[in-house]
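*Asks:* Using the sequences and the accompanying hints, generate a full structural model.
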Amino acid sequence: MEEKKFDVQSLIGFILIGGILLWMLYNNSPTEEELESQQETEQVEVPGNTDANEPQQANQQEQSAPATDSTALAKANERLGAFGYSASLPSAKEHTTVISNDVLELKIDNKGGYISEARLTNFKTYDSIPLYLIKDGNASFNINFTTTDGRNLDTENLYFEPEVTKNGENHILSMKLKVSEDAFLEYRYVLKPGEYMLDFSIRSQGLSGVFNSSQDINLDWKLKGYRHAKSISYENRYTDLIYEYDGGDDDNLGAGDHEEAEDEDISYVAFKQHFFTSILLTDTNFKRGRFTSENLVQDEEVDTVYTKKFSASLPLELNGGELNYNMNWYYGPTDYKILNDYNRNLDEIVPLGWGIFGWINKYVFIPFFAFLSGVLPSYGIAIIVMTIVVRIVLSPVTYKSYLSQAKMKVLRPEINEINEKYKDNAMKKQQETMKLYSKAGASPMSGCLPALMQIPVFYALFQFFPSAFQIRQKSFLWADDLSSYDVIANLPFNIPFYGDHVSLFPILASIAIFIYMMMTTGQNMQQAQQPGMPNMKFIMYLSPLFMLIFFNNYASGLSLYYFTSNLITIGIMLVIKHVIIDEDKIHAKIQANKKKPKKQNRFTRKMQEMMEQAEEQKKQQQKKK
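Per UniProt numbering, the very first residue in the sequence shown carries number 1; after that it's consecutive.
Don't read these hints as lab results, they were simulated from the structure. Model, not experiment: these values are computed from the prediction. Don't take every hint at face value.
Pair by pair, the computed Cβ-Cβ distance ranges are [to be verified]: (1) I129 / N345: 29 to 35 Å; (2) N167 / N345: 27 to 33 Å; (3) Q454 / E317: 49 to 55 Å; (4) W478 / K166: 44 to 50 Å.
Glycine included, each C-beta is placed from N, C-alpha and C at the ideal position.
*Replies:* Written out as structure tokens, the structure is:
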């Protein structure tokens with residue numbers, strides 16, 4: 001074991017450090033005037049603040065102000081270096097400043113300079129309590145940097161000095177983290193009347209010799225999304241992190257338990273909580289960004305407070321040794337019209353579907369529904385009227401589909417004869433069946449194509465209703481909120497995938513779908529035993545069952561749409577069947593077509609030649625055996 005020796009150099013070092021500390025204590029100890037001023041109560045009042053409890057809060061916060069004796073200041077100076085000056089100011093205490101307009105109320109903390117509460121004054125949660133996006137420490141905003149003297153600091157732990165002014169009707173709050181009166185890091189908030197979007201800037205002055213330019217300066221923003229809706233599973237499905245990158249492209253992390261992503265040239269980051277969103281936008285794009293999303297809903301039966309935990313890490317760059325970023329904060333509804341009006345690509349935050357589905361929503365359903373909801377007395381009636389119009393517009397497609405089914409029904413006896421005649425020769429049976437279709441001018445595919453044409457419309461509406469902010473907390477008949485599930489009975493237990501309640505709209509929609517499936521596939525049931533069509537009956541029962549189970553927790557507005565749509569479709573098909581289409585005339589027309597010479601197109605001719613060649617090869621092989 002090595003013998004420990006007396007280290008003279010270490011002793012000298014300790015003596016020097018002790019001398020420096022004593023000198024710093026002496027020079028930085030506060031005067032009596034500073035001690036008295038630091039004990040005074042400071043309450044900042046802003047026009048538009050109507051919080052009657054604010055004076056009481058200020059007194060309570062003042063009691064928790066840090067001690068200002070010489071020892072505490074010495075420790076602060078040792079830890080903070082140049083920013084120890086901020087700890088000596090009267091603002092170095094737990095205190096909030098309130099700025100508000102007619103739609104948004106914000107409380108900004110001295111400590112960290114960031115928003116500690118963000119309340120949307122015109123909205124309530126599903127259980128009728130005030131709606132907060134930020135409250136009780138669920139969000140943080142921090143700039144981490146290294147100083148030239150080697151200190152690693154976080155702004156969330158430092159005290160800013162607030163200053164409130166007004167420019168016309170705009171409320172301006174300056175939060176300064178000071179090195180001296182002329183050297184500081186500033187957060188500047190500007191809140192305008194009636195706006196969910198506020199201007200926000202980060203700038204420094206006189207800190208070019210304080211920031212260590214060789215080390216990264218990172219902006220870290222985190223938020224745990226509060227539950228706002230009755231069905232946490234439904235809300236969580238549409239809670240996501242979205243960001244814009246690379247000059248206008250956008251991406252999202254999805255709804256997984258833990259998701260991560262990294263991209264370059266970031267222009268905004270949005271923490272979307274289904275119907276409400278927090279967004280950070282910047283005029284000077286961040287060079288890169290790293291994002292995470294963590295699902296906090298592990299058991300949907302538990303009364304969970306939060307949905308997901310989001311984080312964004314974004315590097316800041318110095319310009320001439322200083323920080324200078326012009327940004328915006330948005331705390332408000334995930335409303336397509338509001339977001340789109342800012343003309344900053346924020347409409348992509350609303351999940352309307354990709355490609356043609358999104359186009360149909362943006363340019364057809366959103367403006368049309370806005371018009372209907374503006375002139376009709378109820379949002380439920382607006383959904384029904386829009387559904388009626390959509391079904392009428394698609395009725396020619398429905399007619400084509402049913403006409404094709406009627407032709408196939410008329411041809412069924414002849415198809416059965418072919419099947420019986422060539423039951424031992426599948427190739428010949430297929431050839432003769434194709435010849436019959438060609439002569440009669442009918443095809444089984446002609447019934448599928450009209451149905452495929454309707455898919456973009458159906459999928460667009462499937463995306464539209466969960467994203468329609470207008471129907472949030474709007475009642476209709478027995479549903480008290482069209483954006484959530486309706487309840488006609490509560491169950492004393494929870495059924496997996498179904499829930500602990502019974503919703504009526506999904507039941508009605510399931511019945512309507514079952515009747516529709518009976519009308520469209522019931523007449524083909526006799527072919528269920530034929531090759532290629534073994535699951536027709538299974539499919540007929542599967543669709544209504546799927547609607548009944550999985551839509552029990554979906555928005556009642558979406559179930560109302562499906563119920564109305566299928567009810568109207570049933571009516572249209574009954575009219576087509578009993579009024580428009582005459583099966584005897586169709587049969588006569590088919591027989592006439594069969595007598596006419598039919599010129600085959602190139603594809604049909606090629607297919608028939610290939611089948612004939614295959615048949616001939618099969619015969620040759622049988623002869624060789």
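*Asks:* Against each hint, give a clear statement of whether it holds in the structure.
*Replies:* Structure-based check of all given hints:
I129 and N345 have their C-beta atoms about 33 Å apart, which keeps the hinted 29 to 35 Å range intact. Under the hint 27 to 33 Å, the C-beta atoms of N167 and N345, about 28 Å apart, fit the expected range. At about 51 Å, the beta-carbon gap between Q454 and E317 stays in the expected band of 49 to 55 Å. The supplied range of 44 to 50 Å is met by W478 and K166, whose beta-carbon atoms lie about 49 Å from each other.
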